[in-house]
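Given the coordinates of chain A, work out where chain B should sit on it, guided by the hints.
2 protein chains.
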Amino acid sequence: MVNFTIDKNKNTPLYIQIFNQFKKYIENGSIPQGYKLPTIRSLAKELGVNNITVINAYKLLELNGYVNKKVGSGTYVSQDIKQNDLTREDIKALEHGQILLNKNMINFSSSSPNPELFPVDDFKIIINKVLERDGGYAFEYQDTKGYMPFRKSICEFIKKDEIDIDYEDVQVISGGQQGIDVVSKALINFGDCVFVESPTYSWAIASFKSRGAEIVDIALNKDGIDIDELEEKLKIFKPKLIYTMPVFQNPTGISYSEDKLKKLIDLAYKYDTYIVEDDFSNELNFSSNKHLPLKSYDKYDRVIYIKSFSKIYMPGLRLGFIVSPKNLVNSFAEAKYVSDLSTSGLMQRAFEIYLREGIWKKHIERFKKIMRERFDEMKYLLSGNKYFEVNIPDGGFYFWLKLNDDISAKKLYLKCIERNVSIVPGNMFFSNKVDDSHIRLSYASCEADKMKSGISTLNDILKDIHNEENSEYIPIV
Amino acid sequence: MVNFTIDKNKNTPLYIQIFNQFKKYIENGSIPQGYKLPTIRSLAKELGVNNITVINAYKLLELNGYVNKKVGSGTYVSQDIKQNDLTREDIKALEHGQILLNKNMINFSSSSPNPELFPVDDFKIIINKVLERDGGYAFEYQDTKGYMPFRKSICEFIKKDEIDIDYEDVQVISGGQQGIDVVSKALINFGDCVFVESPTYSWAIASFKSRGAEIVDIALNKDGIDIDELEEKLKIFKPKLIYTMPVFQNPTGISYSEDKLKKLIDLAYKYDTYIVEDDFSNELNFSSNKHLPLKSYDKYDRVIYIKSFSKIYMPGLRLGFIVSPKNLVNSFAEAKYVSDLSTSGLMQRAFEIYLREGIWKKHIERFKKIMRERFDEMKYLLSGNKYFEVNIPDGGFYFWLKLNDDISAKKLYLKCIERNVSIVPGNMFFSNKVDDSHIRLSYASCEADKMKSGISTLNDILKDIHNEENSEYIPIV
Numbered sequence: 001m002v003n004f005t006i007d008k009n010k011n012t013p014l015y016i017q018i019f020n021q022f023k024k025y026i027e028n029g030s031i032p033q034g035y036k037l038p039t040i041r042s043l044a045k046e047l048g049v050n051n052i053t054v055i056n057a058y059k060l061l062e063l064n065g066y067v068n069k070k071v072g073s074g075t076y077v078s079q080d081i082k083q084n085d086l087t088r089e090d091i092k093a094l095e096h097g098q099i100l101l102n103k104n105m106i107n108f109s110s111s112s113p114n115p116e117l118f119p120v121d122d123f124k125i126i127i128n129k130v131l132e133r134d135g136g137y138a139f140e141y142q143d144t145k146g147y148m149p150f151r152k153s154i155c156e157f158i159k160k161d162e163i164d165i166d167y168e169d170v171q172v173i174s175g176g177q178q179g180i181d182v183v184s185k186a187l188i189n190f191g192d193c194v195f196v197e198s199p200t201y202s203w204a205i206a207s208f209k210s211r212g213a214e215i216v217d218i219a220l221n222k223d224g225i226d227i228d229e230l231e232e233k234l235k236i237f238k239p240k241l242i243y244t245m246p247v248f249q250n251p252t253g254i255s256y257s258e259d260k261l262k263k264l265i266d267l268a269y270k271y272d273t274y275i276v277e278d279d280f281s282n283e284l285n286f287s288s289n290k291h292l293p294l295k296s297y298d299k300y301d302r303v304i305y306i307k308s309f310s311k312i313y314m315p316g317l318r319l320g321f322i323v324s325p326k327n328l329v330n331s332f333a334e335a336k337y338v339s340d341l342s343t344s345g346l347m348q349r350a351f352e353i354y355l356r357e358g359i360w361k362k363h364i365e366r367f368k369k370i371m372r373e374r375f376d377e378m379k380y381l382l383s384g385n386k387y388f389e390v391n392i393p394d395g396g397f398y399f400w401l402k403l404n405d406d407i408s409a410k411k412l413y414l415k416c417i418e419r420n421v422s423i424v425p426g427n428m429f430f431s432n433k434v435d436d437s438h439i440r441l442s443y444a445s446c447e448a449d450k451m452k453s454g455i456s457t458l459n460d461i462l463k464d465i466h467n468e469e470n471s472e473y474i475p476i477v
Numbered sequence: 001m002v003n004f005t006i007d008k009n010k011n012t013p014l015y016i017q018i019f020n021q022f023k024k025y026i027e028n029g030s031i032p033q034g035y036k037l038p039t040i041r042s043l044a045k046e047l048g049v050n051n052i053t054v055i056n057a058y059k060l061l062e063l064n065g066y067v068n069k070k071v072g073s074g075t076y077v078s079q080d081i082k083q084n085d086l087t088r089e090d091i092k093a094l095e096h097g098q099i100l101l102n103k104n105m106i107n108f109s110s111s112s113p114n115p116e117l118f119p120v121d122d123f124k125i126i127i128n129k130v131l132e133r134d135g136g137y138a139f140e141y142q143d144t145k146g147y148m149p150f151r152k153s154i155c156e157f158i159k160k161d162e163i164d165i166d167y168e169d170v171q172v173i174s175g176g177q178q179g180i181d182v183v184s185k186a187l188i189n190f191g192d193c194v195f196v197e198s199p200t201y202s203w204a205i206a207s208f209k210s211r212g213a214e215i216v217d218i219a220l221n222k223d224g225i226d227i228d229e230l231e232e233k234l235k236i237f238k239p240k241l242i243y244t245m246p247v248f249q250n251p252t253g254i255s256y257s258e259d260k261l262k263k264l265i266d267l268a269y270k271y272d273t274y275i276v277e278d279d280f281s282n283e284l285n286f287s288s289n290k291h292l293p294l295k296s297y298d299k300y301d302r303v304i305y306i307k308s309f310s311k312i313y314m315p316g317l318r319l320g321f322i323v324s325p326k327n328l329v330n331s332f333a334e335a336k337y338v339s340d341l342s343t344s345g346l347m348q349r350a351f352e353i354y355l356r357e358g359i360w361k362k363h364i365e366r367f368k369k370i371m372r373e374r375f376d377e378m379k380y381l382l383s384g385n386k387y388f389e390v391n392i393p394d395g396g397f398y399f400w401l402k403l404n405d406d407i408s409a410k411k412l413y414l415k416c417i418e419r420n421v422s423i424v425p426g427n428m429f430f431s432n433k434v435d436d437s438h439i440r441l442s443y444a445s446c447e448a449d450k451m452k453s454g455i456s457t458l459n460d461i462l463k464d465i466h467n468e469e470n471s472e473y474i475p476i477v
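Protein sequence lines, in the order shown, are assigned to chains A and B. Sequential numbering from 1 applies to the first sequence in the UniProt record's numbering. Sequential numbering from 1 applies to the second sequence in the UniProt record's numbering.
Chain A with its partners taken away, still in its complex shape:
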């Protein structure tokens, strides 16, 4: 059925080689759910390794949720391991509202605000200013690291988040996804290990996997990543990086406590790895709790901070930046060059003015006011519901719902679509686990006046499914 090969000359310990191969075969379905693994002795003999090597590999598989041990019976592949992805098209559609949502659709799926909220008028003026001032030079190749005045204005801009850096540490990118891709190119080689929060943003995983990385999940608690699990796994694997969204996480809305932020940085230092911080919405804090970026605590220069301007300003800018640890600046520049040479000069020059002249503050004020209304309305509408539990975030765009009574998220999703409500089923945020009990609701693209009707429909459907499920199981006696 499957073929195991181990290479004793490799640096990777043998038990991790065995673990990686099981992982691959389980994920791609070559080893099906419920399959009983070979006994320790037989596999050890077949591979010519010690029993303890196989024992350690099986322990790792268990630790990562791939297998369950049944006492006295053996080790079995988990029934809830993910073996088939949702199609990529679905994910794309849901993440960015790229499917033509019909006009009457109530949109709880898009991560980006409706275009009516974009600061287009200001931009029109600024773009013309740039064209007037710079002419053809706005359309030349720009420095790969970014247009220097723009990099300088970024340094001023992020002082608001208590991040104090030199423009030499700034790498301009064409949006957050390119940031992830550039970091992947620079740091990840075939066979490297990457840690991610579970659940997390699926297209970050796609980028790491595209470089041949092995993905290891770390559970997310209500106050951030599970530090104990993280350290336990750091001792075993040697990840090239830990991918995180410490503020208003996608999809859970969770923010790390200050204590966890500090511990995370200490662990990165202790185990000699890097943390990628993906920040797309830290401006949207609706609580009285301070939520500074992880980067502002980065005393060991271990945080690669990726900032996107897409969600809070406009996706179409295709702009963002990386704040890089000193020793990675040139690697990121080279990766950026290989990717697309440089980012649009026109947009960099326009956004430079936007930042330098403080025009962004006006937009944020207005934007935050509108989002605050939506946030409060969502919070109100989602409270005290018996069909799900919801974790109220301190800000950002996302509410993450855990469905009660075994209600199927997939069924809910499909029925919502029928009734013109679009939501995101939780399954797509898990890298290797099947999840059918969570959904993500975003209000980025949903006006406050539509929410009531949307959540009311959601409730009707939940009630129907709940009743259906219960009636199905009433025994006829």
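Keep in mind the hints are simulated off the structure, nothing from the lab. Please note that a few of the clues may not be correct.
DSBU-like cross-link-like pairs, simulated, lysine-lysine; straight-line CA separation at most 35 Å [what the hints assert, rightly or not]: (1) B:K238 <-> B:K70; (2) A:K369 <-> A:K222; (3) A:K10 <-> B:K24; (4) A:K209 <-> A:K124; (5) A:K411 <-> B:K326; (6) B:K209 <-> A:K24; (7) A:K209 <-> B:K160; (8) B:K8 <-> A:K238; (9) A:K463 <-> A:K410; (10) B:K69 <-> A:K10; (11) B:K270 <-> A:K24; (12) B:K263 <-> B:K290; (13) A:K262 <-> A:K402; (14) B:K222 <-> B:K311; (15) B:K433 <-> B:K270; (16) A:K69 <-> B:K10; (17) A:K152 <-> B:K124; (18) A:K369 <-> B:K129; (19) B:K290 <-> B:K361; (20) B:K263 <-> B:K160; (21) A:K379 <-> A:K326; (22) B:K433 <-> A:K124; (23) B:K238 <-> A:K8; (24) A:K311 <-> B:K452; (25) A:K362 <-> A:K326; (26) B:K452 <-> B:K262; (27) B:K152 <-> B:K8; (28) A:K24 <-> B:K238; (29) A:K24 <-> B:K10; (30) A:K159 <-> A:K379; (31) B:K209 <-> A:K8; (32) B:K361 <-> B:K452; (33) B:K8 <-> A:K8; (34) A:K45 <-> A:K238; (35) B:K235 <-> A:K209; (36) B:K263 <-> B:K129; (37) A:K82 <-> B:K8.
Values in this document were obtained by computation on a predicted structure and should not be read as measured data.
Coordinates of chain B only, in the frame set by chain A:
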């Protein structure tokens, strides 16, 4: 000194595994120039393989220029194998004129035209038209494959090159380099083989290598790629793709004959591989010879056509497109999504108008006239020179000079810089060979009135070097 491992379970033939490892060690300098390889018998014994396996591996190394056989003595690593790259910073600087060339510098190095030639005024009008018409929608995420009206206008546009396709085959990209990167992501996995012309564009190689590809060179003759060498190597390796620039190649200016274009496509079909055609300047034909893109001959749907708008229109657009074989359309879309989600909507919408309304024709006419003057002047200035041979291209931006009398290209390059003339030494266009006898001159950024003085300086320096070299070797008797 080095470690060889071979894996008999792998699909790759053993002699190719051995070849690949020698190649790696020779390229990274672990096995130095002039080193004598182990005898066939001793290596075969050490690796536990047949003599014939080692013989085949050594033959391959010889075929690819890594080693020379000396009869009765053994096999030695070539003296002219490339073991140290020029620094990446140098290459970047030279390719795109990103170093701050001092104002008085005569620029024969840049590949992109001076900004004074960009159609900025037309674009200013069009951008405002788009902002007026589409408002915030111009700044939304666009479809990953591209803004549909733009894709449709591209289909009309390339009918000029006798390429007739459906908009479904078009993938919009943010410039030619991203096209290469997207194709690499979609097709190349760690250990795959890629064929390139020798010499070729170094940042294509960087992209392939970043995916873990093994690069194999194919010589370029005056009428295109060496078809016999290509077929010989196709029989041995199974390349994922063959990267080519069939019209006005970078750096040589060479264009393929129609016969070679057809043969290339037949070979791709016969050996089940793809050809990447990188086209950045086919509009600049100054001859009466027809130079249609390879894609227009693509009867087997084997050509991945990458078109950049950077060199002929404006680099700052960050726009281009891939015409994809039907079966690769979705792979490219996924790779594009992982790379940066989508390309700027504003630029796509603006260029859609530019193409649809035929405004590009006006620009090309003016642009071609100016480039023609420069081309003719260069041709005149470079003719009948005793220090180099030059191949006069049919169009494009590049003249490729072969220096006579062992004049060192590197020395020439350094002396030119001192005298405020910038040229590109040929070395950077070879993936594994040291070259010190070619230079590339581009007139993209060099006004006709500066050329005379630039070439005259070049000639002075050539004369000096030539005299120096000769005087050094006069024996004192």
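Hints, one by one, checked against the model:
With a CA separation close to 29 Å, the supplied pair B:K238 and B:K70 stays within the 35 Å bound. Our distance criterion of 35 Å between C-alpha atoms is met by A:K369 and A:K222, whose separation comes to about 26 Å. Simply put, A:K10 and B:K24 have alpha-carbon atoms about 17 Å apart, close enough for the 35 Å limit, and the pair holds. Between A:K209 and A:K124 the CA atoms are separated by roughly 39 Å; this puts the pair beyond 35 Å, and the hint is violated.
For the hint pairing A:K411 with B:K326, the CA-to-CA distance comes to about 34 Å; that is within 35 Å, so the pair holds. Between B:K209 and A:K24 the alpha-carbon distance is near 24 Å, which keeps this suggested pair within the 35 Å criterion. For the hint pairing A:K209 with B:K160, the CA-to-CA distance comes to about 40 Å; that exceeds 35 Å, so the pair is violated. As the CA atoms of B:K8 and A:K238 are separated by approximately 29 Å, the hinted pair is consistent with the 35 Å bound.
Taken as a hint, the A:K463 and A:K410 pair is honoured in the structure, with Cα atoms around 15 Å apart against an allowance of 35 Å. A hinted pair counts as satisfied when its Cα atoms are at most 35 Å apart, and B:K69 with A:K10 qualifies at roughly 33 Å. For the given pair, B:K270 sits about 33 Å from A:K24 by alpha-carbon distance, which is consistent with the 35 Å threshold. Taking the CA atoms of B:K263 and B:K290, the gap is about 17 Å. The hint holds against a cut of 35 Å.
For the proposed pair A:K262 and A:K402, the alpha carbon gap of about 29 Å is at most 35 Å, so the pair holds. A distance of roughly 24 Å separates the Cα atoms of B:K222 and B:K311; the hinted pair therefore holds under the 35 Å criterion. For the proposed pair B:K433 and B:K270, the alpha carbon gap of about 29 Å is at most 35 Å, so the pair holds. About 33 Å separates the Cα atoms of A:K69 and B:K10, which keeps this hinted pair within 35 Å; it holds.
A C-alpha spacing of about 27 Å is found between A:K152 and B:K124, which places the hinted pair at or below 35 Å, so the restraint holds. A hinted pair counts as satisfied when its Cα atoms are at most 35 Å apart, and A:K369 with B:K129 qualifies at roughly 31 Å. Among the hinted pairs, B:K290 with B:K361 is consistent with the structure: their alpha-carbon atoms are about 19 Å apart, no more than 35 Å. Restraint check: the Cα-Cα separation between B:K263 and B:K160 comes to about 23 Å, which is no more than 35 Å; the hinted pair holds.
Taking the CA atoms of A:K379 and A:K326, the gap is about 42 Å. The hint is violated against a cut of 35 Å. At most 35 Å may separate the alpha-carbon atoms for a hinted pair to count; B:K433 and A:K124 exceed this at roughly 51 Å. About 28 Å separates the Cα atoms of B:K238 and A:K8, which keeps this hinted pair within 35 Å; it holds. For the proposed pair A:K311 and B:K452, the alpha carbon gap of about 53 Å is over 35 Å, so the pair is violated.
A hinted pair counts as satisfied when its Cα atoms are at most 35 Å apart, and A:K362 with A:K326 qualifies at roughly 33 Å. Taking the CA atoms of B:K452 and B:K262, the gap is about 40 Å. The hint is violated against a cut of 35 Å. Annotation: proposed proximity of B:K152 to B:K8 is violated, straight-line Cα distance about 50 Å (limit 35 Å). Simply put, A:K24 and B:K238 have alpha-carbon atoms about 25 Å apart, close enough for the 35 Å limit, and the pair holds.
A hinted pair counts as satisfied when its Cα atoms are at most 35 Å apart, and A:K24 with B:K10 qualifies at roughly 17 Å. For a cut-off of 35 Å, the pair hint linking A:K159 to A:K379 stands: about 31 Å separates their Cα positions. Distance hint between B:K209 and A:K8 is fulfilled; the C-alpha atoms sit about 26 Å from each other, no more than 35 Å. With a C-alpha separation of about 30 Å, the suggested pairing of B:K361 with B:K452 holds against the 35 Å cut-off.
Proximity of B:K8 to A:K8 is assessed by CA-CA distance (about 14 Å); at most 35 Å being required, the pair is judged to hold. A distance of roughly 28 Å separates the Cα atoms of A:K45 and A:K238; the hinted pair therefore holds under the 35 Å criterion. As the CA atoms of B:K235 and A:K209 are separated by approximately 31 Å, the hinted pair is consistent with the 35 Å bound. At most 35 Å may separate the alpha-carbon atoms for a hinted pair to count; B:K263 and B:K129 exceed this at roughly 46 Å.
As the CA atoms of A:K82 and B:K8 are separated by approximately 32 Å, the hinted pair is consistent with the 35 Å bound.
The structure shown violates the earlier hints numbered 4, 7, 21, 22, 24, 26, 27, 36.
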